[in-house]
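**Q** As a plain string of letters, each chain reads:
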Amino acid sequence: MRLIQGNEACAEGAIAAGCRFFAGYPISPSSEIAEAMARLLPKHGGVFLQAEDEMASLGAVLGASLGGARAMTATSGPGFSLMQEHIGYAYLAEIPCVVVDVMRGGPSTGLPTLPSQGDVMQAQWGSHGDRAAVALAPSSVQEVYDLTIQAFGLAESLRTPVTVLFDEVVGHMREGVELNSPDPRSIGSRPRPTQPPGASFEPYRANEALVAPLPDFGRGYRFHVTGLMHDERGFPTTDTSIVAALLERLEKKVQVVTELVEPESYLMDDANLVIVSYGITGRTAKAAVDVLRSKGVKAGLWRPRLLWPVQDGLLKEALAKAEAVVVVEMNRGQWAREVERVAHNDALLHPLLKAGGAVITTEEVIDHALEVADGLPAAASRRVPLAEAVSWTEGKNQARMVVPASTTAKIGATEVDIEKKVGGE
Amino acid sequence: MSTAITDAATVTRVPVTGKEKRLLRHAMMPHMLCPGCGHGIILDAMLSVLSERYDNLDNVAFVAGIGCSSRIIGYIDACTLHTTHGRPLSFATGLKLARPELTVIVITGDGDGLSIGGNHLIHAARRNIDLTCVLLNNEIYGMTGGQAAPTTVLGAYTTTTPQGNTQHSFDAAELAKAAGATFVARAQSYRPQVFGEVFGQALDHVGFSFIEVMSDCTEYFGRTNRFGGGADMLMSQARYEPSIDADLARRPTVEPIADAQPVRPVLPTGLLYRSSRLTLEETMGIKGARSSEVNETGQYSTDQGRDA
Ligand SMILES: Cc1ncc(C[n+]2csc(CCOP(=O)(O)OP(=O)(O)O)c2C)c(N)n1
Ligand code: SF4
Numbered sequence: 000m001r002l003i004q005g006n007e008a009c010a011e012g013a014i015a016a017g018c019r020f021f022a023g024y025p026i027s028p029s030s031e032i033a034e035a036m037a038r039l040l041p042k043h044g045g046v047f048l049q050a051e052d053e054m055a056s057l058g059a060v061l062g063a064s065l066g067g068a069r070a071m072t073a074t075s076g077p078g079f080s081l082m083q084e085h086i087g088y089a090y091l092a093e094i095p096c097v098v099v100d101v102m103r104g105g106p107s108t109g110l111p112t113l114p115s116q117g118d119v120m121q122a123q124w125g126s127h128g129d130r131a132a133v134a135l136a137p138s139s140v141q142e143v144y145d146l147t148i149q150a151f152g153l154a155e156s157l158r159t160p161v162t163v164l165f166d167e168v169v170g171h172m173r174e175g176v177e178l179n180s181p182d183p184r185s186i187g188s189r190p191r192p193t194q195p196p197g198a199s200f201e202p203y204r205a206n207e208a209l210v211a212p213l214p215d216f217g218r219g220y221r222f223h224v225t226g227l228m229h230d231e232r233g234f235p236t237t238d239t240s241i242v243a244a245l246l247e248r249l250e251k252k253v254q255v256v257t258e259l260v261e262p263e264s265y266l267m268d269d270a271n272l273v274i275v276s277y278g279i280t281g282r283t284a285k286a287a288v289d290v291l292r293s294k295g296v297k298a299g300l301w302r303p304r305l306l307w308p309v310q311d312g313l314l315k316e317a318l319a320k321a322e323a324v325v326v327v328e329m330n331r332g333q334w335a336r337e338v339e340r341v342a343h344n345d346a347l348l349h350p351l352l353k354a355g356g357a358v359i360t361t362e363e364v365i366d367h368a369l370e371v372a373d374g375l376p377a378a379a380s381r382r383v384p385l386a387e388a389v390s391w392t393e394g395k396n397q398a399r400m401v402v403p404a405s406t407t408a409k410i411g412a413t414e415v416d417i418e419k420k421v422g423g424e
Numbered sequence: 000m001s002t003a004i005t006d007a008a009t010v011t012r013v014p015v016t017g018k019e020k021r022l023l024r025h026a027m028m029p030h031m032l033c034p035g036c037g038h039g040i041i042l043d044a045m046l047s048v049l050s051e052r053y054d055n056l057d058n059v060a061f062v063a064g065i066g067c068s069s070r071i072i073g074y075i076d077a078c079t080l081h082t083t084h085g086r087p088l089s090f091a092t093g094l095k096l097a098r099p100e101l102t103v104i105v106i107t108g109d110g111d112g113l114s115i116g117g118n119h120l121i122h123a124a125r126r127n128i129d130l131t132c133v134l135l136n137n138e139i140y141g142m143t144g145g146q147a148a149p150t151t152v153l154g155a156y157t158t159t160t161p162q163g164n165t166q167h168s169f170d171a172a173e174l175a176k177a178a179g180a181t182f183v184a185r186a187q188s189y190r191p192q193v194f195g196e197v198f199g200q201a202l203d204h205v206g207f208s209f210i211e212v213m214s215d216c217t218e219y220f221g222r223t224n225r226f227g228g229g230a231d232m233l234m235s236q237a238r239y240e241p242s243i244d245a246d247l248a249r250r251p252t253v254e255p256i257a258d259a260q261p262v263r264p265v266l267p268t269g270l271l272y273r274s275s276r277l278t279l280e281e282t283m284g285i286k287g288a289r290s291s292e293v294n295e296t297g298q299y300s301t302d303q304g305r306d307a
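Those sequence lines, one after another, are chains A and B.
If you use numbering that gives the first Met the number 0, the first sequence corresponds to residues 0 to 424, in order.
If you use numbering that gives the first Met the number 0, the second sequence corresponds to residues 0 to 307, in order.
FYI, nobody ran anything at the bench for these hints, they're computed from the structure.
By construction, the Cβ of each residue, glycine as well, lies at the ideal position given by its N, Cα and C atoms.
Please note: incorrect hints may appear among the correct ones.
[What the hints assert, rightly or not] Computed Cβ-Cβ distance ranges for the label pairs, DEER-style:
1. B:146 to A:188: 38 to 48 Å
2. A:343 to B:146: 47 to 57 Å
3. A:290 to B:282: 20 to 30 Å
4. A:120 to B:118: 42 to 52 Å
5. B:118 to A:34: 14 to 24 Å
6. A:120 to B:146: 58 to 68 Å
7. A:188 to B:31: 32 to 42 Å
8. A:1 to B:31: 48 to 58 Å
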């Protein structure tokens, strides 16, 4: 057991998963990952490169990965924005890599030292075009270690970029961690071609798992890698049916992840008030569930460790018996939209959203949930679409969005009465 | 930088044996270059040099960005990595550090390597990573339809400079040298033998070797500036060579015309600069990398020649 920071645990996890190449550009609050990698990699025969910017960082990671190294980069907000083109490249060219984004407040330079969960949508939609992202969301230092290892396993076995998303608090807090050596199965391996090198080798011909075997550069297989749409030989094509099939395969290929990453379900069996939250707020919400239970509220927590692709089936199951759903997120409503999509019932939704740099506390979750619970079982009469359910008010120190329990709004009617509540009071 | 120019007479001709055809990726043909495009000449010259050295390109990786120039790597039967616009040097840096035993050759354009990718170029030069970067300079953005590049000379016409270019241009070779490249050369598609010569030297050089190649975009730069076809543009690269000058005098298309339309700059060619210092691989202590010590003793058949 070691007492370390989330960012250090990320580096330790990467090393344990066999990462031997890291390139990065300093940025708060993720810099400690680069610093730890600079310390650790040489001891493990790996290479650390401080690159000239974030595009170069991920570019170098992809080059190293094609050379055969397990490779990772880490960044925060503005750097994550810069990396988007190369994340899309890695997805289309199917180059395994791990991209860590320690979220800070945005947009722009925003709040370099304060936490947020504002990059959740960017992790899925930040790069142009259709793409099925894979993004993991740890909420403790131990989980940062474990999920970083799993991120490598998924990236390598599926030949796809995997993002590990956590916020500044998880990145900087210190907790005791078991740095267990990973089960070889969890660190995965790249599918390799079974046929010898030769003209008939097709680098983008997929196996049954929809993954194409990937040889390293410089081992006798001579092949082309491009960010243009390509056929199974890797050659550029504009044949619309080939392109459509490629996009479909890439999307289907990663769906298996939804079966491989387990969400946390806490006191969900009889819960009628379901809190959905991830990352650091997943923890404050969990503590709130205990208090709510002691007050007689049948609260439960469903905490995804996988944000993309959304585990629709599991989420639907989790919401099946809910009379109220509280999504707790440190942004202005990002993953809440996914919950809304899956729940397909606006009446259930009572999001607690807060953007501005402060963590949503356990007390805030309790207060909010109690108000929601007070309204049960009459919740069905308060049909509030998510988009209207948030009123924005200026708090003492930060902007905050609060959904008042007494909100009334009628779908399709002109009458809307949203009560305002000042946050932080 | 000195105004050295390689004397064409001193250049060892690269024999045309047809061996280079072995190194082509025939399945990718037909190629996408326009008739008269200078890039194809350089592809051919590069393969000639490589075919003298290698039976196959198993241990050579080509990395390129986006542009017509960058597309030429697709026709080479090697490991070829066609990256994003401007970023090939960053991919190449990762590949080379992970696999120091590979020969890594970066192909870029003047837009790719000097505009969007300028930052990566200066940092690759600064680090002196042991790879060869060939920048095909056609003074324009060919791939996107003939817009101005950072190498377009003042006054030149492009689709985004219909009144003539109003921005000063880069000297790529000077830039690479100032940033720390330890081998800098300039060649022309007009004389592929000179390119072949410096390309071979660049491969032998341990450290960041940079070759700027004056190439031609007949389709856009040539047409917009009325430089004539592929052959006329090749000739225009050779102004101030007495034998060519005599011939050019009979070709009004490449002379400055009345409204002060610019002619192309005359730049020194051949090996312009070389020095030796530790490579990135050496300063990082990466096993399996080449030693820059050989630069001190290495033989270069072409040296800085006569002044232009
Ligand atoms: C990020 C990005 N911006 C712009 C483009 C469009 N684009 C493609 S090639 C190119 C210019 C290429 O010029 P150069 O490198 O000089 O190559 P050439 O085609 O002239 O050989 C541009 C602007 C792109 N692909 N990506
Ligand atoms: S557009 Fe210009 S640079 Fe591109 S292939 Fe044609 S001639 Fe060559």
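**Q** State for each hint whether it applies.
**A** These are the hints, each one checked on the structure:
| no. | hint | in the structure |
| --- | --- | --- |
| 1 | B:146 to A:188: 38 to 48 Å | holds, 45 Å |
| 2 | A:343 to B:146: 47 to 57 Å | holds, 48 Å |
| 3 | A:290 to B:282: 20 to 30 Å | violated, 57 Å |
| 4 | A:120 to B:118: 42 to 52 Å | violated, 28 Å |
| 5 | B:118 to A:34: 14 to 24 Å | holds, 23 Å |
| 6 | A:120 to B:146: 58 to 68 Å | violated, 33 Å |
| 7 | A:188 to B:31: 32 to 42 Å | holds, 37 Å |
| 8 | A:1 to B:31: 48 to 58 Å | holds, 56 Å |
Comparing the model with each numbered hint stated earlier shows that hints 3, 4, 6 do not hold.
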